[in-house]
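A.B. asks: Here the protein sequences come in this chain order: A and B. So the first sequence is numbered by the working numbering: it starts at 1 and just counts up by one. So the second sequence is numbered by the working numbering: it starts at 1 and just counts up by one.
If you're looking for bench data, these hints aren't it; they were derived computationally from the structure. Note that this is a predicted model, so its numbers are computed, not measured. Glycine is no exception: its CB is placed at the ideal position from the N, C-alpha and C atoms. Hints should not be assumed to be uniformly reliable.
[Claimed, not checked] Far from chain B, some chain A residues (derived; all Cβ distances over 10 Å):
1. 360
2. 679
3. 695
4. 761
5. 788
6. 808
7. 812
8. 854
[Stated by the list, open to error] Pulled a few chain B residues facing chain A out of the computed Cβ check, cut under 7 Å:
9. 113
10. 136
11. 208
12. 210
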Amino acid sequence: MSGTASASAASRPPEGLPGLDPAWSRLVEAPSSDGAPRTWHLLDTERPGDPEPAGTVLAVHGNPTWSYLWRDVLAGALAADGPRWRVIAVDQLEMGYSERTGRPRTLAERVRDLGLLTEVLGLRGPVVPLGHDWGGIVASGWAVDHPESTAGLILTNTALHRPGSDPVPPVLRLALTPGVLRTGTSRTGAFLETTLRIAHPPLAPAVRAAYRAPYRSAAERLGIEQFVRDIPASSDAESAAEIERIAAGVERLTVPALLLWGPQDPVFQERYLADLQQRLPHADVHRFEGAGHLVPEDADVATAVLTWLRSAPLDGREPEAPAPVGSDYDPLWSVLEARRADPSTALVEMRPDRRTALRRVSWRLLATRVEQIAAGLVDLGVRPGQRVSLLVPPGADLTAALYACLRIGAVVVVADAGLGLKGMTRAVNGARPDWIIGVPAALGIARALRWPGVRIAAGALSPAAARALGVTATLGGLAARGASRTLPPPPAADDLAAVLFTSGSTGPAKGVRYTYRRLAGVRDALRGECGLTPETGLVAGFAPFALFGPALGCRTATPEMDVTRPATLTAERLAAAARAVDADSFFLSPAALTNVVETASDAERDDFARIRTVLSAGAPLGAPLLERAALIFPAATLRTPYGMTECLMVTDVTLDDIRAAGTGNGVCVGHPAAGARVRLAPLGADGRPGGARTTDPDVTGEIEVRAPHMLDGYDRLWLTDRLARAGTAAEPWHRTGDVGHLDAEGRLWVEGRLPHIVVTDSGVVTPVAVEQRAESAGVPRAAAVGVGPRGTQQLVVVAEGQRPGVIEGPLADAVRAAVGRPVAAVLGIERLPTDIRHNSKIDRALLARWATTVLSGRRVPTL
Amino acid sequence: MGDDRALRQAGADAVTGETVLVTGASGFLGGAVAAALLRDGHRVRTLQRRPSGVPGAKDVLGTVTDPAARVAALSGADAVVHLAAKVTFTGDPAEFAAVNVEGTRALLADAATAGVRRFVFVSSPSVAHTGASIMGDGAAPAEPTRARGEYARTKAAAELLALAADSPAMAVTAVRPHLVWGPGDPQLVRRVVDRASRRRLALVGTGAALIDTCYIDDAVEGILAALRRIEVAHGTAYVLTSGEPRPIGELFAGFCRAAGVAPPTLHVPVPVASAVGAIAERVWRIRPGEDEPPMTRFLAEQLSTAHWFDQRRTHRDLDWHPAVGVSRGLELLRDAYTRSAVAGGAGDLAQ
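Modelling step: build the complete structure from the supplied sequences, incorporating the hints.
C.D. replies: Spelled out as structure tokens, the structure:
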């Protein structure tokens, strides 16, 4: 029964498969590697008489799919503006609707077969091979064999790993077991069905049926079996040499490359992406969080491909280099170097176990310690550009580790514990650190959840505990190790310095890239805007800003609090920290400030009376909270800069400014600050930003910012990064995703998030002002969301602290009267969904889905 | 702008002073349409079994299934607004088909013969409702086989006939007012208030389903707009609502408050209501009574799923916007109940 090799001719797919235009289908005969001419089925966007395209995408599916996988790329190319790209998606021989030749084909033959086909097709102009799964290897092979035509390469969930160097993933190992192989692949449709079942979200039944259509019988599925059989489980397997040849060839490719990845793939796991990145270090990378193996089904691969084709330098031109933002560059560690002999206090750590006992670190000790750990890290093998995840709560250890990493050019990965375990795991997997420096509890989690990275412990560990946690070194050990060593030269200003994760209040947290120059820009923004000097005593109760204390040269105290729960900071603890550094400035998160205001008593009166600056950032602060804070800090200027992880300070505003601004459409966040510039992309009637950017007053649009201290880009999120960019490469602007307007005085007002705006049939409604008015009607906290299709959405107000469901009667009447525009329903909810970090950014998208379900008449779901 | 106004003006001129036949003018909406046409200076003819009660209208008594009555009513008519239909929730399917489908077919044919130039078929959004929630959809095509209940199925078939009859000689459009209500409304408001006052009103399901409705004056003006703008609106169907959808429980509570009775507090789960409806339909089929059954499966579904519509095409094509809306409509309803109470009425405006 060996390979019941029945040959059958190529054919066309049936009509009516979702998303597939029958006009794309062609049958093409070409010579093949076995000597006989063979007929291919392929999809092709080109029509006779079409002008010469900008280039051709040669798309190759894997196993067990067919060219149907690429239908959205074909449709997208036909619908796209600008230069027209031809897309050809082939069905590999034995697969899809191509010929069943009756003989097995090896990888090398498949690569040759594709080359023989493209000779017949006579492709004009540059070619960008695009491959998925096994098709990625075949497409790479084509690129390696056609260097003169290859203008770029796009790969998605595939592998060019060296056989033997890495075990075959367990899922595949099972499929390769003799006996299982044939039963699983050709005799039954198990392999096919498993592949179709792992889509996220599940495929529509009609799409699943379309994938099955060419593989209905065992004979039709023989190609699937052959493909699996060809997977080299060891280095002496038949195709191992060909894979090695292709992998080596890919390393020599210098053309632009794009790697699109679905991280939830049980076969092509993240380490294969890391391997590809090593071979193609210049490649653009986008990880579609939540997508799995069938990336083109799970994520918008078509948009990524077509956007990339438009923007990548596929014609061999040099990419336009971004003009450096700001020219003077003073490294972050310059204060440490300058004060290395200074015995005065740099850091005070309020210890959680004993409230009054302090750990004091002088500038001299801090500088020495940073240099020792830096040298120790180098000695351990940490190299410039390698990533180090810091899982250490704010304090002396974090500060020392952070500045040590920066000094040696390691890239610091900072994901706030406020993301929660799930969010942290996503962030760590996304950033893929080479090293993890963490406190034992964090290292235990890292080990349990298999976070990548060699583990280094912050704090002393017994040898047994170190073994249990899989720890390679401790910070103390590194300092000792580095004591006698000299440091390498510092990194360049425009090298990558840090990946900071967003709060993830809207979708998965994103890694934001900062270069050394831009991090130094953040420090300079804080220094300039808040008047911080070496004489300043600072209590830093808010992580992102706390890290800059030593760079600012301030005496910095870390108060006793659980950083994952900012609301654990009490007035008493804050006052204790203030006394420890003779503080005159506070950095506090909004949640921490709220709790301080609520727990303040006469006991802290004298300590707080000395405070000159209170800065609270991270989420909008209401005027009522600031008014209460003003009573507690009578001598302080209360500042609440507007910013985001991507640009920590866009504008700055004081309580006095807020009082002067009064009420308006949104929250007044003040004037642009610290060298930041702000402009607006006006919203069209459809609620989408576009058109000429403006700084005219009272034009509502998406807020765009440009600043010396803004992000360099998003990390391994090429498409997100691209879509968040405005302006030119030489003069980049960042699209904040926030909506607002400037007033006649040049003050910025934030009206909400772009995805949260409500587009009714009488125009665009931004949520913040609606919420403020609803709250003025007696709702403790409200959220405004839209239900229904964009353009004819209904405005719904959701009121917190109420029984879930429709509110009618006097409260609903009062809300409607206060809002002053049609409100379809006022709904109650016990708690609004908010971000973990600040408990203030309302997840209006989630809430809108909830409201839609409630108002459809179905049972009220829990959130 | 200028062009638009000119067109509007031309349309208005074209129909002013014409003879319009309103079928079903003894009903709540039909009577109001007839009265509004008279107000606008038209001559109004009506066709239904009972006197229309509209002062100034010329009644032809009969049904749309009666050829002689049709011919008499259509004689000299320039335009038709066809509202007459069997609108009950239960009843003999053959009777629904005879009145709603065959009556419409005959009226369309005779209208064309009589030289009628404009024909507005008053339909219902239920012709396109197959049971799922409607949230911001437009006017989907009528589906006679999938619509729920005899009324909706026969109205769907009739609407398709009407739109198919659209021709250069006689422009035909279909408008679907959704849940028309207002002072004097014998259906929605009266039933809700009656049952609530007897403490026999329960909300089906959560009472949160978002529902579009049409205040009577908005429905009337929308129908008149369709007649006026038929050059643009012919050959297709439009949903008419007052905008301002509300959760159905809130709307019913609004009716009750306007009438001065306590709003409902009882909730009946959807499956229970549906089961009760199924039984009631069967019982009423065996012993049809004067009244409608308290619940039908159709009604259970209508009262527990969202129904609200994208009105942009309606507003644009008909060059019309609802002038009253739901909030103001509830105030007007309350005023009407107050006036009737002051006048010493029984509080039942429908009598």
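A.B. asks: A cut-off of 10 Å on Cβ-Cβ distance, and residue 812 (chain A) was said to be off the interface with chain B. Does that hold?
C.D. replies: 7 Å, violated
A.B. asks: Holds or violated: residue 136 (chain B) as interface residue toward chain A, Cβ cutoff 7 Å?
C.D. replies: 3 Å, holds
A.B. asks: With a cut-off of 7 Å on the beta carbons, see whether residue 113 (chain B) makes it to chain A.
C.D. replies: 40 Å, violated
A.B. asks: Next item in the hint list is residue 208 (chain B). Is there a CB on chain A closer than 7 Å to its CB?
C.D. replies: 5 Å, holds
A.B. asks: Per the stated criterion, does the least C-beta distance between residue 808 (chain A) and chain B lie above 10 Å, as a non-interface residue requires?
C.D. replies: With a cut-off of 10 Å, residue 808 (chain A) comes too close to chain B, as the shortest Cβ separation is near 4 Å.
A.B. asks: Is the nearest CB of chain B more than 10 Å from the CB of residue 679 (chain A)?
C.D. replies: Per Cβ check, residue 679 (chain A) is outside 10 Å of chain B; nearest 31 Å; holds.
A.B. asks: Looking at residue 695 (chain A) again, its CB stays over 10 Å from all of chain B?
C.D. replies: Given that every Cβ of chain B is farther than 10 Å from that of residue 695 (chain A), nearest at about 31 Å, it holds.
A.B. asks: Hey, does the residue 210 (chain B) contact hint survive, CB to chain A under 7 Å?
C.D. replies: At 4 Å from the nearest chain A Cβ, residue 210 (chain B) passes the 7 Å test, so the hint holds.
A.B. asks: Take a quick look at residue 360 (chain A) and tell me if its Cβ sits farther than 10 Å from every Cβ on chain B, holds or violated.
C.D. replies: At roughly 60 Å from the nearest Cβ of chain B, residue 360 (chain A) sits farther out than 10 Å, so the non-interface label holds.
A.B. asks: Please check whether the beta-carbon of residue 854 (chain A) is more than 10 Å away from every beta-carbon in chain B.
C.D. replies: Label violated. Min Cβ-Cβ 5 Å, cutoff 10 Å.
A.B. asks: Does the no-contact call for residue 761 (chain A) survive, Cβ to all of chain B over 10 Å?
C.D. replies: 5 Å, violated
A.B. asks: Is the nearest CB of chain B more than 10 Å from the CB of residue 788 (chain A)?
C.D. replies: 3 Å, violated
When held up to the earlier numbered hints, the structure conflicts with 4, 5, 6, 7, 8, 9 and fits the remainder.
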